[in-house]
Structures are given as structure tokens and as C-alpha cells.
Amino acid sequence: MATRSFGTAPRRRGAWRLAGMAMLLGTTAIVTVPRAEAAGEIIDPSRQDLGYHYYDIPALSADGSIFVGNVYDAFNRIYTGYYQEPGGVTSLPGFGVGTSLIYGMSGDGRWVVGYSQNLAGYNRAFLWDAPNGVPIDLGLLYPAIPNAHMAARDVSGDGTRVVGSYIRPGMTRAWAWIKDATTGEVDNEEMYRLDGLDDANNWAAWTISDDGHYAAGYSDGNATASRAVRWDLSGLEAGSPGARTPLDLGSFTGVEDGWSTARDISADGRIVVGAAADPDGISRAFRWVEGAAGGVGANVQMYDLGTLVPSRSDAESEAKAVSRDGAYIVGWSNAAAEASEEEDDRLAFRWTEETGMESMHDWLERHGVTLADGQVLTEATAVSDNGRVIAGLMSTAEPGSGAFIARVTGDGGGDGGLMDVAEYQRSLFSTTQIASAGEFLTWLPMNGAHHRPLMQQGRLEDGHCMWATGDFGLHGESGTGLGLAEAGGCIDLLGGSVKAGLGVGTSHSWQTLALGGSSRLNGQYVIGEVDWQPDGTPLLLSLTGMLGGWQAEMHRGYSNGAATAYSDGKTSLGSGVIRLRADWLGAAEIGNTTINPWASVAFGRQHIAAFTETGGPFPAHFDAQTLGMAEMRLGVAAVTEFSAQTTLTTSFEVVHRSGDAPAAKGNVIGLFDFSLGGGTRSATWLRAGLELDHQIADNFALSGSVHAATNGRDPSISGSVGLKFTF
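Heads up: take any position in the sequence shown, counting from 1, add 6, and you land on my numbering.
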């Protein structure tokens, strides 16, 4: 059994699995709700920056730190597979260049199973010790016939037993793999054939119990319709004659009659759920309980779970997942009063003995969540041990389909939450704007108020000085506004060949995020500079350093059904930069214009403290992070003298900055871990500027500048106004 487990309660295993997702055709992503996104671009497997999105959620580890999600690209094609754990993200190392699909995962998040296409184009079953190694090819059921497909469907809690299917044209077979076994098939002694029903032609094992003693699936054939079956694997290794033989679970029309299929099994193997045909041939969700006597008359161990519209005789339903103890069952059912092809004719359900079958819509509404227009929960695929967390598929107006997680934290109204996983991932990643805004504020005084050395500011190069500066900027790509106010003073040393200055400032950033969210940073900094022009040389060397600290407030918005929910967090950010710059003064003169080329290199570092949000149905904790950066600039300044009091400086520069990309890493409280972004990134851009300096009096000058930059890490447009006094 790949236990559909959510939450943090201890369990032996709990990998939510979506047994019916074989039709998804492609590759899966395992993410600790993403556990990652890829550097500079988003490393999260869902690649929100390219329109990639989660299509479904088949599995979650028992402690809620890892979940399995199928990710589609912007064209609704399967993307790829990742394993997400607290240390980062690992892509699924497949057997070739084709697709890979992950079906199941053990409750501790260690063991992962599925298939990967080899170089010859055939699918091969794998068992992956994800944190520690590469996938193991489990081999073939019939090693002498290589032109066949293998798929691993489920894994026991300790990773020692795997079940699945073998497919080649005209036949499907069930198998079980037992680690270190020696009595299996010739040339593959760990692999065991499981039998089908009499005269069967196709059968497969979909799920295995936690201890590996029972497996369930289906068997059909020439003389029988497809029926749900269960295998007792206890004596398989010892060659027990009954271990390969399936138990026919029957249908609603009889123990050895009708149609049925198994989808999931309880932890002890006593309860199996799936779908079976009633006497009219209509498929209905069932719960089969070993040794029970209260089921339908023709099959007393099988219980009909009904549908969401009892008045419709043609309504169908199917159970997709069961909790470890068998008390909670989820799946889908027709829901319209009359047969319809519309999406809303199929709704996700939650079943208990107390409530019977209830639509997820009604269950959530009882707990204060109303769905948005066009939002339909079409299928539930996983359920927690306590039945309070459910995941599945939904249709929406945009992008059309996706995955959901629903959680109820109490027994009263107003305690529910409905997560659109793809959108929620984007909201988590939006918290990296704290790091980005901190980066912008860190570099703003360096390349704004101090974009040129003190010895080159204004018409008052000589003497001790005082200055006051105000800067503003707008980073167009992120929509981040920036502003600072700074004051400082400088002194001449060593006969005027050295100038040292020290300033203090306050700076702020503001940004509007999706769904009315926002990010705000406010703080102060200190900046110091030492300039040195060796006597008799045109070389001006300057060393500038900045240290700052800011308080950040994040107001993160995300949908909760028809409503918008907000989770709020506060944190602190500290950063520093040191820059070495060299200017060649008067390298060339053209009329009244002097050409001054220059180059600089700078290194920066920022630290963002951990913080925990409050409010909203899905608040999150975000880990601390430290980011390093390096920057190089090559530029030229053309200083044109209009008069003894006025000059105009035209500048052009090429910039390259690289370093750590910000990450959103932590955990959604009570659910899963995530790790979005991170890695490294680099950017190269151009910046041009105009600056007017005017000497108002012998010891008083005014300057104003404006800069524009291409897409990069500088503000798209920025300006500065400054006053300078000498004495």
C-alpha cells in the first residue's frame, strides 16, 4: 500500500499514490512542494516562470516533508521528475533520454518507484533510494524477452518489496520483486510471477500493503471480466503454492461474477477499495473488508459506497485511495441530477461510515470554504490518516486543470483551506522578493549616490566636505520601487592626494505582489569611501564599503476557493558590499570634453533571517539564507564643461553580476517542505546616464542625475539629487 498520507503524525509509510494515473503519458516531478526551482530561473520543477504547473499530487511522505507531483509544461505536456528533500532537489536519473514516470514512494520519502524509458525505447521498472543513490533497474519478468515494458507501481514501507506490471503486445502480467531473494525467475531471482484468475489473459498488481504481505490489483481474461484481486505474498519466497494465486474479490453481483478493479489497500491489507459493477452494469465505488458480513447480498465482504446522486440509477463512482486504517476513502462520483458531459458531472468525494459519501465541495463548505466560479474538484486521489487532508485534481477557468490540497484543522466552521497547488507555489516563490529587494537596496547607494568617486563629484573636488543626497529607482521587471536619503562628510588627507568620507542613510523598497500581496523593506546603512590619486598620475583609485540592515514585511496572498487568503511574515535582512574602482582621468580630450574610462569590481553578501508567517489557512515557515554576489563594471564618462560653473557628464557602462540566486525554502506548517529557487545566477546589462553639476557658490554645488538600464539587476530607471558643501 502506498499509503495516502498527509500531516506530521508518525507512520510506517505513507506515499500518496495516484494509481489511476498511468494514462498521464510521461514524467513526474517529486517535490517537497517543489523542493526546488532552478537558479536565476526558477528551479522548482514546475517552472512557474515558463508556465509549467502541477497537474496532480499522487503522493506525500508520512511526515509531510515530500510530495510527488506531476508537472506539465505550458503546452500541457509532462515535464520531468525530481526528488525533493530538505537538502535540495535531485532530478530523476533515468535509464535513457525518454520519459520517466513515478508511481509510488515509501512513507519516509526514501524509496521511489516507477518506470524509465531506456535507450532502446522500452520502459523499465526502477527502485530508487532517492537520497542516497541512482535508480536500480529491477529487470524483466521474462529476461529472455527484452522487447517488453516493465513498470513498478508500489513499494513496501522498508523498500524491500515492489509490485507492478509487465506489458508486451497482447498481454499484461503482475509481478513482485523481493530484495536479495534467490528463488525467483531464472536469470532474475529477485523477481516473482504472480498468477491471474483462471483463463485470465491480463492482470497487474497496483498496490502493496505497508508490510509487503498483501498486494492488490486486477485480473481479466478470456473467460472472465476484469475483477479486483488480492495476493497473499507471505509465502512467496519460500515457494508456498498459494502465494502466487489471487483471491477473487468479486463484484456487487457475486463473489466470482461481474466486473471490478482494485485501486488501493489498507496498511494491514484487510481493506481494499476500488470500483465494481452493480447488477445493471454501472460502476460504483466499493470497500471490501476481509471477514465482513454486512456487504451486498451477493458478496457480503463488499460494500457499495453509493454515489453523490442516489436518485440517478446510471450515476457512477470510483474509490481511489484509503487511509491506513480504512476509515476514510476518497475518489470521484457523478454529481449532476441527470447524465451530462459537463465537467461538473464529476466531483471528488470523501467517505466515512458516519457521513457516507459527501462531495468535497460540501465538506469544504461546512468548514467555511466556498469554491470560486469555474473551480470544480473533479477527483480526490489521496487522503491523510485522520481524513483531514485530501489531495486531488480540479478544473479551473485558468489554466484549465491542476492539483489541489484541501485541509480542515478543526471540527467547526471557518477552519478549512483549499490550495491551488500551482498558484500557491508561485506565492511561496514570491517571498524571494525580500532577497531581491534587499539586493537592490544594497547596491542602490553604491551605484546611485556613489556611482562616481568623491574626488569626482561636482565642481568642488578639493577640501573637506559635507553632502546630502536623495536617490530613487524603479526596477521595471519586478515592479520594485526604491528610495534613499543620505548625508555624510569627507576630509582631505596627505596634502589632498587622499580623500576619506563617511555617510549614513535610510532606504526603503515597496512592491505590489499578486492577489493584493505586498513586500516592504525599511532600514538604514552606513557607507565609507577612501579615494587616492597618486601624485603626478592620472590614476584615481577608490575603495568603497557599505553595511546595512533592514526590516522586511511580507503580505503574501493566495486563493482559498473563492476567497483570497493572506499570510503575513516579518524578518530582518543585513548586507554589505565592498568595491574597488580605478578611474583613468583625462585619457582623452575632444574640445571641451574629457574622456575618463574606469573599471570596478565589487563583492557583496546578504543574510536573511528565518521567519514564520501567521494568518491564513496555509501559513509557512521560511528558512534563513545567505547570498553572495560579485559584480564587474566597465565604463566611460565623458565630462563636458559648459562653463566654469557647469558640467554635463555622459556615462555608459557594461555590467555583469553573478552569485547565489534567492530561494524560498522551508515548510508549509503541518503539511510539506518546499525549496524553490536557489542555485546560482548571472546577468549582464547596459546602463547609460546623464549628470548635471552646477556650482552655485564657491563652496556650494548642486548635482542631478538620471540613469537608464537594460534588463538586469540595476533599476530600470533611477535618479539622484545631491548637495555638496566644502570648507
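If you're looking for bench data, these hints aren't it; they were derived computationally from the structure. Careful: at least some of the hints might be erroneous.
[Claimed, not checked] FRET-style restraints, in silico, Cβ to Cβ:
1) 189 x 421: 14 to 24 Å
2) 584 x 99: 34 to 44 Å
3) 416 x 102: 44 to 54 Å
4) 541 x 484: 23 to 33 Å
5) 541 x 474: 23 to 33 Å
6) 177 x 518: 51 to 61 Å
7) 569 x 195: 19 to 29 Å
8) 717 x 403: 50 to 60 Å
9) 260 x 153: 51 to 61 Å
10) 360 x 195: 46 to 56 Å
Ideal placement from N, C-alpha and C gives every residue a C-beta, glycine not left out.
**OP:** Using the Cβ atoms, figure out if residue 360 sits within 46 to 56 Å of residue 195.
**Re:** Given range 46 to 56 Å: holds, Cβ gap about 48 Å.
Original post:
Holds or violated: 34 to 44 Å for the Cβ distance of residue 584 and residue 99?
Top reply: holds, 41 Å
**OP:** Indicate whether the distance between the beta carbons of residue 189 and residue 421 respects the range 14 to 24 Å.
**Re:** Distance hint for residue 189, residue 421 is violated at roughly 53 Å.
Original post:
Cβ-Cβ distance between residue 541 and residue 474: within 23 to 33 Å?
Top reply: Because 31 Å falls inside the window, the suggested range holds.
Subject >> Consistency of beta-carbon spacing, residue 403 to residue 717, with hint 50 to 60 Å >> reply: violated, 31 Å
**OP:** Evaluate the given range 44 to 54 Å for the C-beta pair formed by residue 416 and residue 102.
**Re:** For residue 102 against residue 416, whose Cβ atoms are near 49 Å apart, the range 44 to 54 Å holds.
Original post:
For the pair residue 541 and residue 484, does the Cβ-Cβ distance stay inside 23 to 33 Å?
Top reply: violated, 46 Å
Original post:
Is it true that the C-beta distance of residue 260 to residue 153 lies inside 51 to 61 Å, as the hint says?
Top reply: violated, 39 Å
Original post:
Between residue 177 and residue 518, does the beta-carbon spacing fit 51 to 61 Å?
Top reply: holds, 59 Å
Subject >> residue 569 versus residue 195 beta-carbon gap, inside 19 to 29 Å or not >> reply: violated, 58 Å
Violation of the numbered hints given earlier is confined to hints 1, 4, 7, 8, 9; the remaining hints are satisfied by the structure.
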